[in-house]
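Let the hints inform the model, and build the full structure from the sequences given.
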Amino acid sequence: MMKKTVYDPARQGEKMTIVCFVSGSGTNYREIVKANPDHTYIVFTNRPGCGGTEIAAGNGHKVLELSHIPYLREARKKYGAGKVPRNAPERVQYEKDVCELIEREIGRQPDLICLAGYDQWSTDWMVERYFPRMLNVHPGDTTKGYAGLHWIPSAMAILAGDPAIRSTLFFVDKGEDDGPVFVQSAPLSIAETLAAAEQGGFELLEGLHRILAFAAVSRIKTWEAFRERANEDLRNMMEKICGHLMSRLKVEGDWKIYPEAVRFIAEGRAAVEGREVFIDGNRLPDYGHRLG
2 MMKKTVYDPA
12 RQGEKMTIVC
22 FVSGSGTNYR
32 EIVKANPDHT
42 YIVFTNRPGC
52 GGTEIAAGNG
62 HKVLELSHIP
72 YLREARKKYG
82 AGKVPRNAPE
92 RVQYEKDVCE
102 LIEREIGRQP
112 DLICLAGYDQ
122 WSTDWMVERY
132 FPRMLNVHPG
142 DTTKGYAGLH
152 WIPSAMAILA
162 GDPAIRSTLF
172 FVDKGEDDGP
182 VFVQSAPLSI
192 AETLAAAEQG
202 GFELLEGLHR
212 ILAFAAVSRI
222 KTWEAFRERA
232 NEDLRNMMEK
242 ICGHLMSRLK
252 VEGDWKIYPE
262 AVRFIAEGRA
272 AVEGREVFID
282 GNRLPDYGHR
292 LG
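Residue numbers (this note's numbering): 2 to 293.
Simulated from the structure, these hints should not be mistaken for lab results. Treat the hints loosely; a few may be bogus.
[Claimed, not checked] Capping the alpha-carbon separation at 27 angstroms, the derived lysine-lysine pairs in DSSO-like fashion look like this:
1) K16 to K241
2) K145 to K4
3) K5 to K257
4) K241 to K5
5) K175 to K79
6) K63 to K257
7) K35 to K84
8) K251 to K241
9) K257 to K35
10) K222 to K63
[What the hints assert, rightly or not] Pair ranges (Cβ atoms, derived):
11) N232 to S190: 20 to 30 angstroms
12) G244 to M3: 42 to 52 angstroms
13) A11 to E199: 16 to 26 angstroms
14) V93 to E199: 22 to 32 angstroms
15) R211 to M3: 18 to 28 angstroms
16) F203 to S68: 19 to 29 angstroms
17) G25 to R74: 53 to 63 angstroms
18) D9 to R211: 27 to 37 angstroms
19) R87 to R276: 11 to 21 angstroms
20) E101 to E75: 28 to 38 angstroms
Model, not experiment: these values are computed from the prediction. Just so you know, even glycine gets a beta-carbon here, dropped at the ideal spot from N, CA and C.
And the structure:
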């Protein structure tokens with residue numbers, strides 16, 4: 002497999018066409034644009050009218066909308082809510098229509114796709130079409146297997162005994178949030194972040210100590226075991242703690258690594274060969290380029 006430069010400005014021009022997929026607030030998209038304003042942006046959303054579309058309107062960026070709900074309605078009846086397989090035909094058809102919509106607008110394929118708070122799976126069909134030109138960010142260290150949605154990766158890190166958490170920017174492949182890692186955030190101290198909370202910092206820190214004591218006595222090191230054996234009070238406290246950590250990690254992690262990754266690509270410095278990632282021709286460690 003040959004090393005492939007993600008984007009070559011000498012050949013393709015200094016201005017990229019970047020499509021940001023958003024489903025909610027659009028803050029990751031906002032930060033990407035703020036740090037990298039000199040590109041052509043299009044915003045796609047599967048949730049028409051979401052907050053990200055308002056930011057796009059303010060930026061003067063084209064918005065394309067196509068709801069996934071009609072496409073998956075029958076599949077959800079068949080498989081159950083939240084259980085439609087990643088490569089179900091209904092998902093593939095939806096993505097084909099999304100890509101047709103985008104490429105018709107641009108007149109070609111986009112130079113880069115940034116999944117910036119997008120809440121749908123990417124099918125193998127879409128990965129094959131765009132790899133390695135599709136990025137995503139995850140609120141945890143994917144090299145340690147901290148998978149799951151929202152605050153679950155933070156819970157995994159706490160139970161594993163990690164003193165800090167990181168967010169991870171990766172190239173989307175056919176796995177689930179475990180594509181080749183490009184950039185990781187600086188570590189965010191768990192205890193210091195909780196102690197510094199403007200409201201309820203002492204309660205959060207005391208709750209962390211109770212959770213760690215319970216986990217130690219019960220010899221629990223995984224989220225699955227904690228969820229099964231902890232009482233409701235401890236489970237609720239874990240969610241509260243991790244919700245706060247995730248909100249801070251978004252600011253200190255996601256909002257820093259996504260713009261940095263786009264900059265590396267726009268400058269023609271990033272290349273991929275299989276699961277190996279390179280910057281300026283130098284192979285990165287498995288954890289990618291770390292900001293700290």
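Hints and how they fare:
1. K16 to K241: Distance ~42 angstroms between K16 and K241 Cα, so the pair is violated.
2. K145 to K4: Between K145 and K4 the Cα gap is close to 25 angstroms, so the pair holds against 27 angstroms.
3. K5 to K257: Given that 27 angstroms is the threshold and the Cα spacing comes to 25 angstroms, the pair holds.
4. K241 to K5: The given pair, whose Cα atoms are some 42 angstroms apart, is violated under the 27 angstroms limit.
5. K175 to K79: holds, 24 angstroms
6. K63 to K257: holds, 24 angstroms
7. K35 to K84: violated, 36 angstroms
8. K251 to K241: holds, 16 angstroms
9. K257 to K35: Distance ~11 angstroms between K257 and K35 Cα, so the pair holds.
10. K222 to K63: violated, 46 angstroms
11. N232 to S190: 20 to 30 angstroms: holds, 27 angstroms
12. G244 to M3: 42 to 52 angstroms: holds, 43 angstroms
13. A11 to E199: 16 to 26 angstroms: violated, 48 angstroms
14. V93 to E199: 22 to 32 angstroms: violated, 45 angstroms
15. R211 to M3: 18 to 28 angstroms: For M3 against R211, whose Cβ atoms are near 53 angstroms apart, the range 18 to 28 angstroms is violated.
16. F203 to S68: 19 to 29 angstroms: violated, 44 angstroms
17. G25 to R74: 53 to 63 angstroms: Check failed, 21 angstroms falls outside 53 to 63 angstroms.
18. D9 to R211: 27 to 37 angstroms: This hint is violated: roughly 53 angstroms between Cβ atoms.
19. R87 to R276: 11 to 21 angstroms: This hint holds: roughly 19 angstroms between Cβ atoms.
20. E101 to E75: 28 to 38 angstroms: At roughly 21 angstroms between Cβ atoms, E75 and E101 fall outside 28 to 38 angstroms, so the hint is violated.
Checked against the numbered hints given earlier, the structure breaks hints 1, 4, 7, 10, 13, 14, 15, 16, 17, 18 and 20 and satisfies all the rest.
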